[in-house]
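*Asks:* Add chain L to chain W, keeping to what the hints say.
Chains W and L, in that order, are what the protein sequence lines are. Under our numbering, the first sequence has 192 at position 77, and the numbering climbs by one with no breaks. Under our numbering, the second sequence has 296 at position 39, and the numbering climbs by one with no breaks.
Please note that the accuracy of each hint is not assured.
Stated by the list, open to error - The calculated EDC-like cross-link candidates involving lysine to aspartate or glutamate, where the alpha carbons are at most 20 Å apart (straight line), are:
| no. | chain 1 | residue 1 | chain 2 | residue 2 |
| --- | --- | --- | --- | --- |
| 1 | W | LYS165 | L | GLU368 |
| 2 | W | LYS162 | L | ASP374 |
| 3 | W | LYS158 | L | ASP387 |
| 4 | L | LYS405 | W | GLU196 |
| 5 | L | LYS321 | L | GLU286 |
| 6 | W | LYS158 | W | ASP177 |
| 7 | L | LYS393 | W | ASP130 |
| 8 | W | LYS129 | L | ASP387 |
| 9 | W | LYS169 | L | GLU286 |
| 10 | W | LYS165 | L | ASP265 |
| 11 | W | LYS133 | L | ASP387 |
| 12 | W | LYS165 | L | GLU352 |
| 13 | L | LYS395 | W | GLU120 |
| 14 | W | LYS162 | W | ASP180 |
| 15 | W | LYS191 | W | ASP180 |
| 16 | L | LYS405 | W | GLU135 |
| 17 | W | LYS165 | L | GLU351 |
| 18 | W | LYS158 | L | GLU351 |
As the list claims (entries may be wrong) - Simulated coverage check for chain W against chain L, where a stretch passes if three residues somewhere in it have a Cβ under 8 Å from a Cβ of chain L:
| no. | segment |
| --- | --- |
| 19 | 164 to 172 |
| 20 | 194 to 201 |
Source of the hints: derived by calculation from the structure; they are not laboratory data. Since this is a predicted model, take the numbers as computed values, not measurements. Ideal Cβ positions, reconstructed from N, Cα and C, are used throughout, including at glycine.
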Amino acid sequence: MGMYEIKSSRSIAKDWRKLEENFPDVMEKCKKFLQESPLVRAKSGGKLKKLRGKQQGFLQYDIDDSNRVWYEVDNKEHIVEVKYIGSHPK
Amino acid sequence: MVTTIFSDEIVNATELRAKQSQWLTMASERPVTVTYGNRKLTILNREKVRNLFVHSHYLALFAKHCNELIKGTKSDAFPWTEHLDDKEKRQFHEELVSSIMTAVITENWDEVETLLDDWKATAETENNPDLMRALKTKVPKGEYVTIK
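With the rest of the complex left out, here is chain W (with noise of 0.2 Å):
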């Protein structure tokens, strides 16, 4: 299976950004996960959990205890559609 392209709209990019010049390690491994494998829970270590109810379609990678990447998934086209990115809702 190939890689999925990560996509997003400028501005979602830019904090994409700032967070990988934060957390470079877990931002790198982020990024793996969504171009590798972003819809198999298996191998997010406990991290992705697939939204639900209205959301179903949406899911979220937790980065770390903070931060957070929510996404959608075109299988067709193999793109991974950034939609938010950053702290956890409180």
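*Replies:* Then chain L, alone, in the frame of chain W:
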């Protein structure tokens, strides 16, 4: 009677010492109770004990949840459900019943844990207006950038 389900082998401390290996092997399959004076101590397979604790934890939580549903009170078992709408609350309840019934049979509680994690993440997402706006926003294809 349910009390007869717990069928253990009973041995005194002297017998246990005499045939230690035999009793310990047996204890990995079914409970062995050692009598010591007027005390009774049971040797159990650790995995089975762990499963009993997990089983008891989730069933207690589920009973609390059902009681709160019947009484129509705010959820203390799963406080985050207040952020779900009525349809989602019903869906959560149905999925929880189904996964607990499966776990009781299979003794695998990971699916229940996963279900709760997913629904909690959903509820917390729905409680964040900024995040909800972002999830609903459709970015025109030409405005996408690739993260490398």
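*Asks:* Each hint should be assessed against the structure and marked as holding or not.
*Replies:* Hints, verified against the model:
Of the supplied pair hints, the one linking W/LYS165 and L/GLU368 holds, its CA atoms being roughly 13 Å apart against a limit of 20 Å. Between W/LYS162 and L/ASP374 the alpha-carbon distance is near 10 Å, which keeps this suggested pair within the 20 Å criterion. The suggested pairing of W/LYS158 with L/ASP387 is violated, with an alpha-carbon distance near 29 Å, which exceeds 20 Å. Of the supplied pair hints, the one linking L/LYS405 and W/GLU196 holds, its CA atoms being roughly 13 Å apart against a limit of 20 Å.
Distance restraint check for L/LYS321 and L/GLU286: the Cα-Cα separation of roughly 33 Å exceeds the 20 Å cut-off, and the hinted pair is therefore not satisfied. The straight-line distance between the Cα atoms of W/LYS158 and W/ASP177 is roughly 13 Å, inside the 20 Å bound, and the hint therefore holds. Of the supplied pair hints, the one linking L/LYS393 and W/ASP130 holds, its CA atoms being roughly 18 Å apart against a limit of 20 Å. For the suggested pair W/LYS129 and L/ASP387, the alpha carbons sit about 17 Å apart, so the restraint of at most 20 Å is met.
With a C-alpha separation of about 46 Å, the suggested pairing of W/LYS169 with L/GLU286 is violated against the 20 Å cut-off. In summary, the hint linking W/LYS165 to L/ASP265 is not supported, as the alpha carbons are separated by about 43 Å, beyond the 20 Å threshold. At roughly 19 Å between alpha-carbon atoms, W/LYS133 and L/ASP387 fall within 20 Å of each other, so this suggested pair holds. Restraint check: the Cα-Cα separation between W/LYS165 and L/GLU352 comes to about 14 Å, which is no more than 20 Å; the hinted pair holds.
The hinted pair formed by L/LYS395 and W/GLU120 meets the criterion: a straight-line CA distance of about 18 Å does not exceed 20 Å. For the hint pairing W/LYS162 with W/ASP180, the CA-to-CA distance comes to about 10 Å; that is within 20 Å, so the pair holds. With a C-alpha separation of about 32 Å, the suggested pair W/LYS191 and W/ASP180 falls outside the 20 Å cut-off, and the hint is violated. Of the pairs offered as hints, the one joining L/LYS405 and W/GLU135 holds, with about 11 Å between alpha carbons and a cut-off of 20 Å not exceeded.
Restraint check for W/LYS165 and L/GLU351: the C-alpha separation of about 17 Å stays at or below 20 Å, so the hint holds. Proximity of W/LYS158 to L/GLU351 is assessed by CA-CA distance (about 27 Å); at most 20 Å being required, the pair is judged violated. For the segment 164 to 172 of chain W, the assignment as covered by chain L holds, since 7 residues bring a beta-carbon within under 8 Å of that chain's beta-carbons and 3 suffice. With 4 residues bearing a CB less than 8 Å from a CB of chain L, the segment 194 to 201 of chain W meets the requirement of three and the coverage assertion stands.
Checked against the numbered hints listed earlier, the structure breaks hints 3, 5, 9, 10, 15, 18; every other hint is satisfied.
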